[in-house]
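Asks: Please build the complete structure, drawing on both the sequences and the hints.
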Amino acid sequence: MYDVIIIGAGISGLSTACHLSRYSCDMLILDRGADVSEGATKANSGIVHAGYDATPGTEKARFNVKGARMYEDFCKSYGVPYQKTGALVLGFTDEDENTLKKLLERSVQNEVPGCRLLTKDEALQMEPNLNPDIALALYVPESAITSPYELTYALADHAKINGAKFLLNTNVESLSHEENHWLVHTDNGVYKAKAVINCAGTGADVLHNIISTKQVKIIPRRGEYYLLDRLEKPLFSMTIFQVPTSMGKGVLVTPTTHGNLLIGPNAEDIPLEDDTATTRDGLDEVFTKAKRTWQDISLRTVITTFSGIRAHEKEGDFIIGKVEGAPAGAFEAIGIESPGLSAGPAIGIELGDMVAEYLKLSKNTNYMPPTPQPKPFNGMSDDEKKLAYEKDPDYGKIVCRCEQVTEAEIRHSIRRPVGATSVDGVKRRTRAGMGRCQGGFCSLRVAEILKEELGEDNLLTITKMGKGSEMLTGKLSEGEI
Amino acid sequence: MTEIPVDIIIIGAGPAGLAAAIAAKKAGIDSLIVFERDEIPGGILNQCIHTGFGLHRFKVELTGPEYAHRDVVEAEKLGIDIRLGVTVLDLNQDKIVTCISHEKGLEKYKAKAVILAMGCRERPRGALATPGTRPAGVYAAGTAQKFLNMQGYMPGNNIVILGSGDIGLIMARRMVLQGANVLACIEIMPYSSGLNRNIVQCLEDFNIPLYLEHTVVDIKGKNRLESVIVAKVDSSRTPIPGSEFEIPCDTLLLSVGLIPENELTDCAQAEMSRVTSGPVVNSHFETSVEGIFACGNVLHVHDLVDYVSSESAAAGEKAAEYVLGKRDTSKLIDVVDGKGVRGCVPQKIFIDDKQGIDLMFRPDNVYKNHYLTLTAGDKVLMSQRKMILAPGEMVNVRLNEDKLSLISEGEELVVSITPEKAG
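Chains as they are written, first to last, in my numbering: chain A, 1 to 481; chain B, 482 to 904.
Possibly wrong hints are sitting among the right ones.
Below, in silico cross-link-like pairs of lysine to any residue (SDA-like), each with a Cα-Cα straight-line distance of 25 Å or less [claimed, not checked]:
no., chain 1, residue 1, chain 2, residue 2
1, A, LYS386, B, ASP571
2, A, LYS386, B, GLN574
3, A, LYS385, B, GLN750
4, B, LYS701, A, PRO271
5, B, LYS701, A, PHE287
6, A, LYS385, B, ARG564
7, A, LYS233, B, ARG564
8, A, LYS375, B, GLU588
9, B, LYS701, A, ASP284
Keep in mind the hints are simulated off the structure, nothing from the lab.
Replies: As structure tokens, then:
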């Protein structure tokens, strides 16, 4: 029997797992994806929100502000990108001006430091490519950006080196309680634990409703994005929001931690929780709305489009803690939409401590702190590159030309504790295939390295993103070419 | 870090780099290195196992590897230093080349001249922003070609091809010969962007339907591609509502354009052309950075490798002349794209060039019985009737010394396609 089973290997589940690693505890982490970070954590804006806009007194406000304050150190300890870029919230009308003034008041109530209103000229001076039709802007100096999936991969490694077990490709179908423990029923067997933590994202309501008398409802909310190529001179240095609406923070334009420009998301409530297709209408909506921020918007440098699903709970707030109306030993983090990424580290601590207290766990005397991720080759100085090559000559083989990713990094991404098992897994861990040619040159070589590292006989079993997504359909017989 | 001095560095050992190296060596440059990131020289030709190469240059139909082999053999005979498995990471305006290899690690070289010959890459799905899911089975045609021809794997069984570029057409035939079903080739324009001979030999001969003025508007399938939705487009290339139809398939190959690979050109801050997506060059194939030359598909995307070779040989010769201090660079004028012309290269020419100058461009549409017209000031230098001009086939115009001597300094040379004979 496990002490704890965590359902869902996204930012909430794995932040909690890492915090629980500080305690002596037998932990199992289940996820239906072929990799960790496959749900909402994979595809979002990557913003660490300062916390200026959450309604004071809500769980969203409390966890956002607490999480955002921890973020820089948190990312640093895992060696994951974090940049405090600052943000602007743009206003165009008198009504917007009132909204921005209210947001400024909120920032004070939520104790977010440094926010102030800027005149049009001040804003344009900071971001010359803004639409000159703006009236004013709210400046949020504490706003930051991170790489959500890179952070989550690092969390997964950290939990694993502290003994957590991972079972991927495993869908939790039901939960049941017996005397003093829980049974987790999956399509891959039944698992027993003293406590369960439901961090199942868009699927969390179903599990909650099986065990609780108090029902919740998750509405899958899809957001579509354009990703633009890196430029020598970035067009925007800050995250640019427009005034928020009832559907969320609206379409933003933001640099990413790797120097790309991200435009999106729209917000569309959809019936299927896993429908991450992009649509013509959705992308057109993003384009039209982003034009208000960036008048001369150009899609000439688009390298890809994608969409992500946020788990919106119908009451609108996070639900974090013991599952109300359920037997003891059930915990959850539900409705973790924006600012869920920002809240992640704080959710992990609070939920982890709650579970530890319930199970009366003792401190883990063998706790291993996180080891920072190695610096990517393309961010190294010449001296660092020489040193890296001396330690491992595979740094001398560039596999991905666009992002200058080396064979050493690709092998490392497969060998790390929770390593890549697919071409997309390598891509998100190393950026091989993330550049402007989108894997045109390197996907074959990446597939070959995966084959070698995973001990496969040939490339037929190598997948894009897990079972069913095999890259190739057949092998020619010897001499057939 | 010490910088190793060398006269000429050539980046890329595809057909462009090899031809440039051979020409520079023959012109008297001994200190010359070719850097190639692949483990074999020849570039993209190695995966082009079909025939059709070399008709103009060698008067014989060769496969890609055979064509490359001829240059590799000559380069070896001349003792040209080709370094394989070396990736150039940076190039600056002082012509300092930073590169890395498995064999030697990080190195820096200081060249007197650099010839850019990195070739081009395929436009990916992302660049089209085609909506839909992101399953396995969507490949650039050249990527699929590499899987099949270099490694012996089938990328799929039921194939739709989006775009009618040459690689897509060649792959249509290749997949049929390998036993796959090629269901359709979808082209958004009213004409193919590939060579006419490929339309005939790769589609028509195999009864593969070509849907002109159609495009893929949606991609379906969770893990592996399951179908594509195709729609007819109007004259502004916008899909027409109600015209959609679904083609079940497991593979979509994209042949939707090639983009010169100019990261290093950008590193050196050479001026770029928005039309060709390559650097702006003069008739010595020299970029806006003195001593940095460019040729082949990194400069502009060619239709035939034969022209890549001839252009690159000229670039190699000019780079050698530059290093040897032999060149005369007076009287430079601009070449301007007139009506019907896209991306004429070179963009600047030396009008006192005794050897004459070749201009190359692609027409922006299909023109029948039009005139290829060159003017400078109010002088008509040429107005020649052409039966057919199409975007899929490059136009090559030679300006000899006599014609060049008619142009005065300060004038622009305008290249255009006109319905009537000029002058």
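Asks: Given the hinted pair A:LYS385 and B:ARG564, is their alpha-carbon gap at most 25 Å?
Replies: 20 Å, holds
Asks: Mind checking the alpha carbons of A:LYS386 and B:GLN574 for me, to see if they're no more than 25 Å apart?
Replies: 23 Å, holds
Asks: Is the straight-line distance between the alpha-carbon of B:LYS701 and that of A:ASP284 25 Å or less?
Replies: At roughly 19 Å apart (the allowed maximum being 25 Å), A:ASP284 and B:LYS701 satisfy the hint.
Asks: Given the hint that A:LYS386 pairs with B:ASP571, test it: the Cα-Cα distance must not exceed 25 Å.
Replies: At roughly 15 Å apart (the allowed maximum being 25 Å), B:ASP571 and A:LYS386 satisfy the hint.
Asks: Within a Cα-Cα threshold of 25 Å, do B:LYS701 and A:PRO271 meet the stated pairing?
Replies: 17 Å, holds
Asks: Going straight from one Cα to the other, do A:LYS233 and B:ARG564 come out at no more than 25 Å?
Replies: 33 Å, violated
Asks: For the pair supplied as a hint, A:LYS375 and B:GLU588, is the alpha-carbon distance within the 25 Å limit?
Replies: Holds. A:LYS375 to B:GLU588 sits at ~20 Å (cutoff 25 Å).
Asks: Given the hint that B:LYS701 pairs with A:PHE287, does the C-alpha gap stay at or below 25 Å?
Replies: With Cα atoms ~22 Å apart, B:LYS701 and A:PHE287 stay inside 25 Å; holds.
Asks: Are the Cα positions of A:LYS385 and B:GLN750 separated by 25 Å at most?
Replies: Holds, at roughly 23 Å.
Going through the hint list in order, the structure does not satisfy hint 7, though it satisfies all others.
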